[in-house]
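*Asks:* In case you want the letters, here they are:
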Amino acid sequence: MCTACKCGSQSDNERITIIIKGINTSSSAKTIEKTLLGMPGVMHVHIHAHDGQTIIDYNPARTSLDDITQRLESAGYHVQ
Amino acid sequence: MEVKVMKNILEKNEIIAAENNALFSKHGIFVLNLLGSPGSGKTSLLERTIEDLKDELRLTVIEGDLFTSKDAERIARQGVPVVQINTCGGCHLDAGMVRGVINELNLNALDLLIIENVGNLVCPAEFNIGEDAKAVVLSITEGDDKPLKYPLIFKQAGIVIINKIDLLPYTNFDMAGAQEDIFNINPSIAIASVSCRSGEGLASWYKWLKQQVVTKKGLINRA
Numbered sequence: 094m095c096t097a098c099k100c101g102s103q104s105d106n107e108r109i110t111i112i113i114k115g116i117n118t119s120s121s122a123k124t125i126e127k128t129l130l131g132m133p134g135v136m137h138v139h140i141h142a143h144d145g146q147t148i149i150d151y152n153p154a155r156t157s158l159d160d161i162t163q164r165l166e167s168a169g170y171h172v173q
Numbered sequence: 032m033e034v035k036v037m038k039n040i041l042e043k044n045e046i047i048a049a050e051n052n053a054l055f056s057k058h059g060i061f062v063l064n065l066l067g068s069p070g071s072g073k074t075s076l077l078e079r080t081i082e083d084l085k086d087e088l089r090l091t092v093i094e095g096d097l098f099t100s101k102d103a104e105r106i107a108r109q110g111v112p113v114v115q116i117n118t119c120g121g122c123h124l125d126a127g128m129v130r131g132v133i134n135e136l137n138l139n140a141l142d143l144l145i146i147e148n149v150g151n152l153v154c155p156a157e158f159n160i161g162e163d164a165k166a167v168v169l170s171i172t173e174g175d176d177k178p179l180k181y182p183l184i185f186k187q188a189g190i191v192i193i194n195k196i197d198l199l200p201y202t203n204f205d206m207a208g209a210q211e212d213i214f215n216i217n218p219s220i221a222i223a224s225v226s227c228r229s230g231e232g233l234a235s236w237y238k239w240l241k242q243q244v245v246t247k248k249g250l251i252n253r254a
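Taken in sequence, the protein lines are chains A and B.
Add 93 to the 1-based position in the first sequence for the numbering used here, that's all there is to it.
Add 31 to the 1-based position in the second sequence for the numbering used here, that's all there is to it.
Worth flagging that the hints you see were computed from the coordinates, not collected in a lab.
Keep in mind that this is a model prediction, so the values were computed, not measured.
Here a beta-carbon is modelled for each residue, glycine too, at the ideal position from N, C-alpha and C.
Be a bit skeptical, because a hint or two may be false.
[Stated by the list, open to error] A few chain A residues facing chain B, derived, Cβ under 8 Å:
(1) Ile112
(2) Gly115
(3) Lys127
(4) Leu130
(5) Gly131
(6) His137
[Said to hold, decoys possible] Under the rule of at most 16 Å between Cα atoms (straight-line distance), these lysine to aspartate or glutamate pairs were calculated in the EDC-like manner:
(7) Lys127/A x Asp105/A
(8) Lys248/B x Glu87/B
(9) Lys123/A x Glu211/B
(10) Lys180/B x Asp150/A
(11) Lys238/B x Asp83/B
(12) Lys127/A x Glu211/B
(13) Lys247/B x Asp163/B
(14) Lys241/B x Glu157/B
(15) Lys43/B x Asp142/B
(16) Lys180/B x Asp160/A
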């Protein structure tokens, strides 16, 4: 729910940290960020290009972790 | 207990929203939920839209605000039916509030119902109110970083109206960057860049809106 007025379900968002293998440049990191952000339940993505550490804020009711993983793997990246 | 109660409220709202939409659809009415920050230009956009389209479309407006009937009065001066809902502190309209005023609408003589929601980029995104589509007004003066900061409302919208483009020369608003962010968040969204003051760009907004009305009527006729 909205933490200010306590309506809605946005506090149902979850934050995960994963490592994406195979990111070589900051531009490829940006491409992945854009790809994930376009998914219905993904609200925020930040990738550290130097080590692939990725923070994702998402609503599991709209997009599952499996969906996210499959999107990454179909783009040729391995999730650790 | 609190999480369960909120989930029940959202589920109940969805049921009423679906009932609202079914009633509007039965009469072939396209319903738009107009969203945006306070001061983004929602009411000004409505005034221009009514002025330019009221000879082509039968329009009615529901106005949502915490207090006052200021916006309803502005719309009434345009000569179309308008109903004001005051939430008296609530930060968004919900489906029950809209259901509460349906009897004040003439559903038999209506093509397009626009519901101007309470100014807020957060909570209205969570509550369907019986609409067919959401439209978000984003003004130049709010800054180009707002789509990434408030992604849910942009994910939910069918169109973004970037307003006050006449002020672009006086700001450092990055139009290309903002549009890229919007498309990254919602690849299927439409974008219209307009100035309600000068009239620039409004034709693209009208084209989108009229297409939605026509499509809705076509779907209803085929059903």
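*Asks:* Each hint needs a verdict: does it hold in this structure or not?
*Replies:* Results of checking the hints against the structure:
For Ile112/A, the suggested interface contact is broken, since its CB lies about 22 Å from the closest CB of chain B, more than 8 Å. For the restraint placing Gly115/A at the interface with chain B, the shortest Cβ-Cβ distance is roughly 21 Å, beyond the 8 Å limit, so the hint is violated. Proximity of Lys127/A to chain B holds as hinted, the smallest CB-CB distance being about 5 Å (cut-off 8 Å). Checking Leu130/A against chain B: minimum C-beta separation of about 5 Å stays under 8 Å; hint holds.
Residue-level restraint check for Gly131/A holds (minimum Cβ-Cβ distance to chain B is 5 Å; threshold 8 Å). Restraint check, His137/A versus chain B: the minimum CB separation of about 7 Å is within 8 Å; hint holds. Between the alpha carbons of Lys127/A and Asp105/A the distance comes to roughly 22 Å, so the proposed pair goes past 16 Å and is violated. Under the criterion of a C-alpha separation no larger than 16 Å, the hint pairing Lys248/B with Glu87/B is consistent with the structure, at around 14 Å.
Distance hint between Lys123/A and Glu211/B is fulfilled; the C-alpha atoms sit about 12 Å from each other, no more than 16 Å. Distance restraint check for Lys180/B and Asp150/A: the Cα-Cα separation of roughly 12 Å lies within the 16 Å cut-off, and the hinted pair is therefore satisfied. For the proposed pair Lys238/B and Asp83/B, the alpha carbon gap of about 12 Å is at most 16 Å, so the pair holds. For a cut-off of 16 Å, the pair hint linking Lys127/A to Glu211/B stands: about 9 Å separates their Cα positions.
At roughly 9 Å between alpha-carbon atoms, Lys247/B and Asp163/B fall within 16 Å of each other, so this suggested pair holds. Only pairs whose Cα atoms come within 16 Å are accepted, and Lys241/B paired with Glu157/B is rejected, the gap being roughly 26 Å. Pair hint Lys43/B plus Asp142/B does not hold up; C-alpha atoms about 27 Å apart against a cutoff of 16 Å. Distance hint between Lys180/B and Asp160/A is unfulfilled; the C-alpha atoms sit about 23 Å from each other, more than 16 Å.
In this structure, the earlier hints numbered 1, 2, 7, 14, 15, 16 are contradicted, and the remaining ones agree with it.
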